[in-house]
Amino acid sequence: MIDFKTYFELLNLYSDYGMVCDSAAWEKWPDFFVEDGTYRLQPRENFEQDMPLCLLALESRAMIQDRVYGVKETLYHDPYYQRHIVGTPRLLSVEDNGNRIHAEANYTVIRTKFDGDSTILSVGFYRDHIVRTDTGLKFVSRLCVYDSEMIANSIIYPI
Amino acid sequence: MIDFKTYFELLNLYSDYGMVCDSAAWEKWPDFFVEDGTYRLQPRENFEQDMPLCLLALESRAMIQDRVYGVKETLYHDPYYQRHIVGTPRLLSVEDNGNRIHAEANYTVIRTKFDGDSTILSVGFYRDHIVRTDTGLKFVSRLCVYDSEMIANSIIYPI
Amino acid sequence: MIDFKTYFELLNLYSDYGMVCDSAAWEKWPDFFVEDGTYRLQPRENFEQDMPLCLLALESRAMIQDRVYGVKETLYHDPYYQRHIVGTPRLLSVEDNGNRIHAEANYTVIRTKFDGDSTILSVGFYRDHIVRTDTGLKFVSRLCVYDSEMIANSIIYPI
Numbered sequence: 001m002i003d004f005k006t007y008f009e010l011l012n013l014y015s016d017y018g019m020v021c022d023s024a025a026w027e028k029w030p031d032f033f034v035e036d037g038t039y040r041l042q043p044r045e046n047f048e049q050d051m052p053l054c055l056l057a058l059e060s061r062a063m064i065q066d067r068v069y070g071v072k073e074t075l076y077h078d079p080y081y082q083r084h085i086v087g088t089p090r091l092l093s094v095e096d097n098g099n100r101i102h103a104e105a106n107y108t109v110i111r112t113k114f115d116g117d118s119t120i121l122s123v124g125f126y127r128d129h130i131v132r133t134d135t136g137l138k139f140v141s142r143l144c145v146y147d148s149e150m151i152a153n154s155i156i157y158p159i
Numbered sequence: 001m002i003d004f005k006t007y008f009e010l011l012n013l014y015s016d017y018g019m020v021c022d023s024a025a026w027e028k029w030p031d032f033f034v035e036d037g038t039y040r041l042q043p044r045e046n047f048e049q050d051m052p053l054c055l056l057a058l059e060s061r062a063m064i065q066d067r068v069y070g071v072k073e074t075l076y077h078d079p080y081y082q083r084h085i086v087g088t089p090r091l092l093s094v095e096d097n098g099n100r101i102h103a104e105a106n107y108t109v110i111r112t113k114f115d116g117d118s119t120i121l122s123v124g125f126y127r128d129h130i131v132r133t134d135t136g137l138k139f140v141s142r143l144c145v146y147d148s149e150m151i152a153n154s155i156i157y158p159i
Numbered sequence: 001m002i003d004f005k006t007y008f009e010l011l012n013l014y015s016d017y018g019m020v021c022d023s024a025a026w027e028k029w030p031d032f033f034v035e036d037g038t039y040r041l042q043p044r045e046n047f048e049q050d051m052p053l054c055l056l057a058l059e060s061r062a063m064i065q066d067r068v069y070g071v072k073e074t075l076y077h078d079p080y081y082q083r084h085i086v087g088t089p090r091l092l093s094v095e096d097n098g099n100r101i102h103a104e105a106n107y108t109v110i111r112t113k114f115d116g117d118s119t120i121l122s123v124g125f126y127r128d129h130i131v132r133t134d135t136g137l138k139f140v141s142r143l144c145v146y147d148s149e150m151i152a153n154s155i156i157y158p159i
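Chains as they are written, first to last, in our numbering: chain Y, 1 to 159; chain G, 1 to 159; chain S, 1 to 159.
Please keep in mind that the hints were generated in silico from the structure rather than gathered at the bench.
Check the hints yourself; a few may be wrong.
Under the rule of at most 25 Å between Cα atoms (straight-line distance), these lysine-lysine pairs were calculated in the PhoX-like manner [what the hints assert, rightly or not]:
| no. | chain 1 | residue 1 | chain 2 | residue 2 |
| --- | --- | --- | --- | --- |
| 1 | Y | Lys5 | G | Lys5 |
| 2 | Y | Lys113 | G | Lys113 |
| 3 | S | Lys113 | Y | Lys113 |
What follows is a list of derived Cβ distance ranges for each label pair [said to hold, decoys possible]:
| no. | chain 1 | residue 1 | chain 2 | residue 2 | range |
| --- | --- | --- | --- | --- | --- |
| 4 | S | Val140 | G | Pro79 | 31 to 37 Å |
| 5 | G | Met150 | Y | Met63 | 34 to 40 Å |
| 6 | S | Asp36 | Y | Asn12 | 37 to 43 Å |
| 7 | G | His102 | S | Asp16 | 29 to 35 Å |
| 8 | Y | Asp134 | S | Asp50 | 53 to 59 Å |
| 9 | Y | Leu56 | G | Arg132 | 31 to 37 Å |
| 10 | G | Ala24 | Y | Asp3 | 36 to 42 Å |
| 11 | S | Val140 | Y | Gln49 | 35 to 41 Å |
| 12 | Y | Gly136 | G | Asp134 | 32 to 38 Å |
| 13 | S | Asn12 | Y | Asp16 | 37 to 43 Å |
Since we're looking at a predicted model, the values are computed, not measured.
Positions of the beta carbon are idealized from the N, C-alpha and C atoms, including for glycine.
The task is simple: from the sequences and hints, build the whole structure.
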């Protein structure tokens, strides 16, 4: 069980994360992670077989910041809009008076090419390890397990 | 911060709104707004550049009621089903003891033509100004900012 | 009105249900229902005209268990992944100190064929009758009313 205040903070972490990723405010993306926080994007097939290979594995906030630099400056791509729709998070464990949370939530990210159709870019679930810090809840790790192994063009922006 | 009761009312406002729009109960749509409440549907490109042009701008509840009349009686269109999936709302500000709320939430609306496929009609976010009235929470303004600027046929029903 | 604890349990019921259906843990699906619990999948057209015909009508937990056996052992089908995205539940009534709840929620289920695109398999809403038991909240009945009457291939797994 969890109290409303903590649950509300968790909901906000999820919705703030989605809004930052969708509003192209990439430079704010690393702030969701602790310094040694990790972000991984893994196909479901590998996850279910305990195979470690990921499409993207960023092993620290510094690597996440580097990815932001890549998105903004070096990755050649056709820009697009994206939009996260995330289900209600499901608590897997709450420890240390609500200061350490394991949770997961289903997500879909919809991509819209400028002047184009809206299509499903990625669908799957997040599995997260979250801790409370002086500046609020942060990810120790965010793992995105995606069903959609056939990726239309590339995933450039954060899921 | 907000208390559970107020947050719960906010969630209900969002889910009631979606259900009314999806169940073709158009005549109930104006009831979500205060008398001088506004409803606007704006492309993301204009929103981000502070350009005022909207696809639809209804500047009072009377105009919203007139739109309902249009949908039911005068707009020639091929009927379709629609279904809202709305993310958890994100509070931008809560003032006056929870009686005045600014919030936003991601949405997707899926259209199903009778005997046809289900496709994404519109995706984007709501940015809302909400006040408490004697009959519950109401919109002072609901702005729908949509990513999907290429609109398949027409948006007839409320987003 | 409902207290946070009960609302939180309701959210968990919905998200646990989705996660079980999406992780192919079919054998856990009957546990969401009381012994005489029912599961029905009905086209919206029939629902709105009070016509009883359903695509699938399972009238007890034993029938639901039998369906699980069918999915795992006898139904010939091309496997696929599915992913539920469910909106915030909307309470229709809360009785008996929160021990009996009628609620509904919009849903979309996205199907991903192995090495294929992600597409919308089903979209609609749940209308549920839920009771508290010694082992938590359970469905007395779950009715899935789907907009998407044109079904690509077959719906094999639980919606």
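Between Y/Lys5 and G/Lys5, is the straight-line Cα distance small enough, at 25 Å or below?
Distance of about 12 Å is within 25 Å: holds.
Whether the CB-CB distance between Y/Gly136 and G/Asp134 falls inside 32 to 38 Å
36 Å Cβ-Cβ, so the 32 to 38 Å window holds.
Is 29 to 35 Å a correct range for the gap between the Cβ atoms of G/His102 and S/Asp16?
holds (33 Å)
Taking 25 Å as the top limit, are the C-alpha atoms of S/Lys113 and Y/Lys113 close enough?
Answer holds: S/Lys113 to Y/Lys113 is near 23 Å, not above 25 Å.
Please check whether S/Val140 and G/Pro79 have a Cβ separation lying inside 31 to 37 Å.
34 Å Cβ-Cβ, so the 31 to 37 Å window holds.
Consistency of beta-carbon spacing, Y/Asp16 to S/Asn12, with hint 37 to 43 Å:
violated (22 Å)
CB of Y/Leu56 to CB of G/Arg132, is that within 31 to 37 Å?
violated (45 Å)
Indicate whether the distance between the beta carbons of S/Asp36 and Y/Asn12 respects the range 37 to 43 Å.
At 40 Å between Cβs, range holds.
Is 36 to 42 Å respected by the C-beta to C-beta distance linking G/Ala24 and Y/Asp3?
holds (40 Å)
Y/Gln49 and S/Val140 - C-beta distance against the hinted 35 to 41 Å
With Cβ atoms ~38 Å apart, the hint holds.
So the hint says 34 to 40 Å: do the beta-carbon atoms of G/Met150 and Y/Met63 match that?
holds (36 Å)
Between the alpha carbons of Y/Lys113 and G/Lys113, is the straight-line distance 25 Å or under?
holds (23 Å)
In terms of the numbered hints stated before, the structure departs from hints 9 and 13, listed from lowest to highest.
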